[in-house]
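Student: Sequence:
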Amino acid sequence: MTRRSPSSRLRALAAGLTGLAIGLAATGCGGGAEAEDGVTVLRVGTTKTFGWVPTFPAHGDDKSGKVRIEVVDLIGGSNAMIAALKADRIDVAELGEVGPVVAQAGDVPFKIITATTPWPKGQGIIVDEKSPIKSLSDLKGKKISYVRGTNSHWTLNRALDSAGLTMEDVELVQLPDGTNAQQVLRSGNLDAATVIDPTLTTFLSSGSRLLTDGTTINADNPLFYIASDKALGAKKEAVGEFVAQLARHIAWAKAEPEERSAAVAKLNGIPAEIALKAERNRPAGLHPIEDATIRGNQRIADLFFQQGVIKKKITVDSVFTTEFNSRARP
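The sequence shown runs 0 to 329 under numbering that gives the first Met the number 0.
There's no promise every hint is true.
What the hints assert, rightly or not - Derived lysine-lysine pairs resembling DSSO-like cross-links, with alpha carbons at most 27 angstroms apart:
hint: 1; residue 1: Lys253; residue 2: Lys276
hint: 2; residue 1: Lys229; residue 2: Lys120
hint: 3; residue 1: Lys65; residue 2: Lys229
In short, the hints are calculated from the structure, not lab data.
Construct the entire structure; sequences and hints are all you get.
Tutor: Here is the structure:
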């Protein structure tokens with residue numbers, strides 16, 4: 000039987016942070032289709048710790064013709080973004096490939112409008128540099144942190160499966176948002192942690208050791224972008240322009256990694272050299288929605304239903320749209 004660690008107190012704190020995130024999203028985020036100057040405002044939820052969208056303002060990409068992209072930084076990651084999208088606090092969400100599965104199972108009305116190329120080095124499992132754990136098989140019976148219903152959950156599944164283990168073979172720990180997993184590893188209260196970049200690169204440069212990342216466990220870890228059905232009805236042109244602007248922003252980041260990583264470093268309070276190292280591992284660009292994209296997402300949905308992460312069986316192809324594929328090129 001799985002020994003699950005999140006106490007009621009930790010769950011309450013995490014829920015409180017998610018509620019705070021939604022409240023922050025509501026502040027200053029008008030739901031109208033147009034601002035007073037006739038410019039359409041598109042509210043895009045993201046988190047400064049991993050997305051492309053947080054650096055839109057640094058390059059002036061939060062404005063494009065008659066569209067203004069309002070960047071909404073949410074505490075609580077993809078789960079907070081799903082809640083905000085459902086509550087009409089945002090129009091678009093930038094999240095991992097697992098997020099849409101959770102959203103669809105929760106009856107959130109949305110479509111997946113675009114996705115990035117794989118980002119396998121963007122998520123990894125780490126241990127303290129002095130840990131006796133040397134391989135994934137050594138994780139049996141150990142305490143491992145992850146975030147339920149996110150890409151870290153999928154990554155952990157893939158890692159354990161590659162070692163002949165299941166989630167039932169380890170002690171699962173969900174840390175409150177904002178917890179420094181590296182410090183908990185050092186304290187001995189945690190054996191391993193599932194971490195996303197640039198936090199992953201930061202920890203690997205300061206006393207943590209990588210057990211695996213997505214490259215060896217078949218975890219592609221792309222970013223997905225979902226738009227509410229309401230936004231697609233009222234702001235379709237703005238959604239299309241966002242996809243085009245996103246493609247251009249990524250092209251700029253790839254051409255000028257030092258400039259983009261400097262913006263990331265400032266946002267996250269990390270050294271510029273760490274941000275640059277993480278930047279070089281990021282996705283190469285957007286990828287058109289195609290059958291392989293849908294099959295990969297269905298695989299996640301099927302496993303999460305089997306594990307009880309989502310409460311109903313879903314068919315994911317109904318939430319994908321290829322309508323914006325032509326806009327996904329810089």
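Student: Now look at each hint and say whether the structure bears it out.
Tutor: Against the structure, the hints:
1. Lys253 - Lys276: This hinted pair holds, its Cα atoms lying about 13 angstroms apart.
2. Lys229 - Lys120: It is violated: about 34 angstroms lies between the C-alpha atoms, which goes past 27 angstroms.
3. Lys65 - Lys229: holds, 19 angstroms
Hint 2 from the list above is the single one not met by this structure.
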